[in-house]
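Going down the list, the sequences are from chains A and B. Residue 102 in the working numbering is what sits at position 100 of the first sequence, and the numbering runs on without skipping anything. Residue 156 in the working numbering is what sits at position 154 of the second sequence, and the numbering runs on without skipping anything.
It should be emphasised that the hints constitute simulated quantities derived from the structure, not laboratory data. It is possible that some hints are incorrect.
Given that identical chains are not distinguished, each listed pair holds provided it fits within a single copy or across any two copies.
Think about it this way: if two alpha-carbon atoms lie no more than 25 angstroms apart in a straight line, the pair counts; the simulated DSS-like pairs of lysine-lysine are [claimed, not checked]:
1. 226 with 167
2. 94 with 180
3. 243 with 129
4. 129 with 18
5. 94 with 144
6. 24 with 4
7. 164 with 226
8. 18 with 166
9. 24 with 166
10. 180 with 129
11. 94 with 24
12. 230 with 163
13. 141 with 180
Remember, predicted model here, so these are calculated numbers, not experimental data.
2 protein chains.
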Amino acid sequence: MKNYRILVQYDGTRYKGWQVQKQTDMTIQGKLQSVLEELAGHPVEVIGSGRTDAGVHAVGQVANFHMDGDFSNEEILEYLNHYLPMDIAVTKIDEVDERFHARYHALSKTYVYRIHTSSIPDVFQRKYMYTYTIPLDVKAMKNAAEHLSGTHDFAAFCGNKKMKKSTVRTIFSVSIEKRENEMFISYTGDGFLQNMVRIMTGTLIEVGNGTRTADSVTEILESKDRSKAGYTAPPEGLMLKQVDYAAVVSTK
Amino acid sequence: MKNYRILVQYDGTRYKGWQVQKQTDMTIQGKLQSVLEELAGHPVEVIGSGRTDAGVHAVGQVANFHMDGDFSNEEILEYLNHYLPMDIAVTKIDEVDERFHARYHALSKTYVYRIHTSSIPDVFQRKYMYTYTIPLDVKAMKNAAEHLSGTHDFAAFCGNKKMKKSTVRTIFSVSIEKRENEMFISYTGDGFLQNMVRIMTGTLIEVGNGTRTADSVTEILESKDRSKAGYTAPPEGLMLKQVDYAAVVSTK
Chain A
3 MKNYRILVQY
13 DGTRYKGWQV
23 QKQTDMTIQG
33 KLQSVLEELA
43 GHPVEVIGSG
53 RTDAGVHAVG
63 QVANFHMDGD
73 FSNEEILEYL
83 NHYLPMDIAV
93 TKIDEVDERF
103 HARYHALSKT
113 YVYRIHTSSI
123 PDVFQRKYMY
133 TYTIPLDVKA
143 MKNAAEHLSG
153 THDFAAFCGN
163 KKMKKSTVRT
173 IFSVSIEKRE
183 NEMFISYTGD
193 GFLQNMVRIM
203 TGTLIEVGNG
213 TRTADSVTEI
223 LESKDRSKAG
233 YTAPPEGLML
243 KQVDYAAVVS
253 TK
Chain B
3 MKNYRILVQY
13 DGTRYKGWQV
23 QKQTDMTIQG
33 KLQSVLEELA
43 GHPVEVIGSG
53 RTDAGVHAVG
63 QVANFHMDGD
73 FSNEEILEYL
83 NHYLPMDIAV
93 TKIDEVDERF
103 HARYHALSKT
113 YVYRIHTSSI
123 PDVFQRKYMY
133 TYTIPLDVKA
143 MKNAAEHLSG
153 THDFAAFCGN
163 KKMKKSTVRT
173 IFSVSIEKRE
183 NEMFISYTGD
193 GFLQNMVRIM
203 TGTLIEVGNG
213 TRTADSVTEI
223 LESKDRSKAG
233 YTAPPEGLML
243 KQVDYAAVVS
253 TK
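Model the full assembly from the supplied sequences, consistent with the hints where possible.
And the structure:
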């Protein structure tokens, strides 16, 4: 079997998230697997760099899968894009070392949360942004974001109450860019817990609107208590932008 | 009555075009009128700078309407964006001279046709582009475009066979920009006949793929025969970008 790495983009609006579920066939992983299984003639497990929540988008999700057959990379790419729904696309494919694992070998991920700060809509981007028109204090948000950077126990920012594994993660950077009618919050880290980016975003918004102080972020982290953090910002504003790997691992 | 000018954007995918029709309520003009009539309590005619075809988008359509009532511009703008469907938005409103007419006073319009030249999809832009993956000779297309510029009888580029008015129009410029996976053809002119931009685009594509020569455009114009020109490129690639007016006419 060959091991293939793919770069995947999707408009998450219609989907129940990345991960296959018994109750629905509307998952990204499920759609990819069923097209690949049709091509390969055997079960295929598509391993994503991580799950994305229902409604979250991706422009640079990375996944790998093992498959039999004498197909060229171009043939697999064309087959996928022909049979996948219009809101899922595979933009790149490589054959990689058989040991490459999209989740285990990911070194960092970058998510971007997009906030539309004007009451004037943008019809072309409407599905990829969260409209929030209360004025936000960007300076306070940047101060709060600094407290999030670094290695912390992010239990207070975890949406999964039954999480049994470690909730320690390292955030390499949080940057906030304000444009005329938009705000982009970019998070790069070694990994993110369930809903973590959306809870961090909701918390930063609450700092921005004056509900809480920038320094309160430290207290939230120390509390390890989900109820102390801010609300979970809605999924439509969130985009998985990029997943990075050590070069040595990835290409054959 | 006051006369208002609005800047309108819409994702035309779901609509039967700009103009009100008896058979359907899915028109841009119809949606605007019904929201404004609800606000005003009297019939309102929304006059667009021109019609756009079914499925064509706009980021800068201009329209005007006369309306009673003591509303501020902000109130009208908020009301419109609150009650319009998510794929239509009004991004600007001014009160203008009572004589201002969005169609009669338009000096020029700019349309942009977007061609996606790669077989790799772009899921976020998929509804706003025409995918055409046969290689296109951009130099030949630019030569052909030069023949379109100027004042000509564009009868051969008119989709309405029953057109009784003049089919003479002036095109100020046609520019073609090639990027990695995209081609943008921009047309600026004093006005465009029904389907004219799409027929010019289909013709330029046929020049680009070698089906016809750049010089044939002159013969097509001279023939005044629709069957001599190229195919009508699909609506989803077309966007009304901008409508220009003489400054003196427009603002009170």
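How the hints compare with the structure:
For a Cα distance limit of 25 angstroms, the shortest separation of residue 226 from residue 167 inside one copy, 14 angstroms, qualifies, whereas the shortest one across copies, 74 angstroms, does not. Proximity of residue 94 and residue 180 under a CA criterion of 25 angstroms is satisfied inter-copy only: 21 angstroms between copies versus 31 angstroms inside one chain copy. Taking identical chains as interchangeable, the C-alpha atoms of residue 243 and residue 129 lie at most 25 angstroms apart whether they share a chain (16 angstroms) or sit on different chains (21 angstroms). In this assembly of identical chains, the alpha carbons of residue 129 and residue 18 lie at most 25 angstroms apart whether taken from the same copy (15 angstroms) or from different copies (22 angstroms).
Proximity of residue 94 and residue 144 under a CA criterion of 25 angstroms is satisfied in neither setting, with 35 angstroms inside one chain copy and 31 angstroms between copies. Taking the closest pair of Cα atoms, residue 24 and residue 4 never come within 25 angstroms of each other, the shortest separation being 27 angstroms inside a single copy and 59 angstroms across copies. Proximity of residue 164 to residue 226 under the C-alpha cut-off of 25 angstroms is restricted to the intra-copy arrangement: shortest distance 13 angstroms within a copy versus 73 angstroms between copies. Proximity of residue 18 to residue 166 under the C-alpha cut-off of 25 angstroms is restricted to the intra-copy arrangement: shortest distance 23 angstroms within a copy versus 53 angstroms between copies.
In this assembly of identical chains, the alpha carbons of residue 24 and residue 166 lie at most 25 angstroms apart only when taken from the same copy (23 angstroms versus 61 angstroms across copies). Taking the shortest Cα distances, residue 180 and residue 129 sit within 25 angstroms of each other inside one copy (19 angstroms), while across copies they are farther apart (27 angstroms). Taking the closest pair of Cα atoms, residue 94 and residue 24 never come within 25 angstroms of each other, the shortest separation being 28 angstroms inside a single copy and 47 angstroms across copies. Only within a single protomer do residue 230 and residue 163 lie at most 25 angstroms apart by alpha-carbon distance; the minimum there is 14 angstroms, versus 68 angstroms between protomers.
For the identical chains of this complex, residue 141 and residue 180 are intra-copy neighbours only, at 10 angstroms inside a copy versus 40 angstroms across copies, given an alpha-carbon limit of 25 angstroms.
Hints 5, 6 and 11 from the list above are not met by this structure, while the remaining hints are.
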